[in-house]
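All letters in the sequence shown, in the order written, are residues -25 to -1, 1 to 126 by mature numbering (1 follows the signal peptide of the UniProt record, and there is no 0).
Keep in mind the hints are simulated off the structure, nothing from the lab.
One or more hints might be untrue.
Pair by pair, the computed Cβ-Cβ distance ranges are [said to hold, decoys possible]:
#1 T69 x C3: 14 to 20 Å
#2 D88 x K117: 37 to 43 Å
#3 A99 x I77: 47 to 53 Å
#4 A99 x W31: 46 to 52 Å
Just so it is clear, CB atoms sit at the ideal spot from N, CA and C, and this is done for glycine as well.
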Amino acid sequence: METRVRRRPQLLLLLLLLCGGCLQAGGCNETGMLERLPLCGKAFADLMRKVDVWKWCNLSEFIVYYESFTNCTEVEASIVGCFWPNRLAQGFITGIHRQFFINCSVDRVHWADPPDEILIPLIAVPILLTVAMTGLVVWRSKRTDTLLCGN
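Please build the complete structure, drawing on both the sequences and the hints.
Okay, here's the thing in structure tokens:
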């Protein structure tokens, strides 16, 4: 009986070591996640200091840093047994967006029709060319038939 008691802690320790990446039995440790996510935010902020502020709206300037940030939040969430994305991680990421990208607005292009002086020729010329080419093909096909029958 004494050997069974000694083996259980060893077995438990072995299971804990083998299951290092397993989700916690109690589910998501939200407090732990809220403590760990700021580490990702700080690392991202440190990397963003390398990018000129006026380039913060150009994704190609910092895409590698942002990918590292999102990977960090995913890893930290899984360490504490949480799924990713979740409402807390999304809220944290939204806060980072507000901190760095609040001045990045989407400029929408307002399309307008060109003036009639340009629009009418752009419509009429292809129509006239189509009619002319169709007429030419019909005329040539009739003339070829006449030439072949006449020989």
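Going through the hints against the structure:
T69 and C3 have their C-beta atoms about 19 Å apart, which keeps the hinted 14 to 20 Å range intact. Checked against the given bound of 37 to 43 Å, the beta carbons of D88 and K117, roughly 41 Å apart, stay inside it. Against the hinted window of 47 to 53 Å, the Cβ-Cβ separation of A99 and I77 comes to about 49 Å, which satisfies the hint. In this structure the hint that A99 and W31 lie 46 to 52 Å apart at CB holds, the actual value being about 48 Å.
In the structure shown, no violation is registered for any of the earlier numbered hints.
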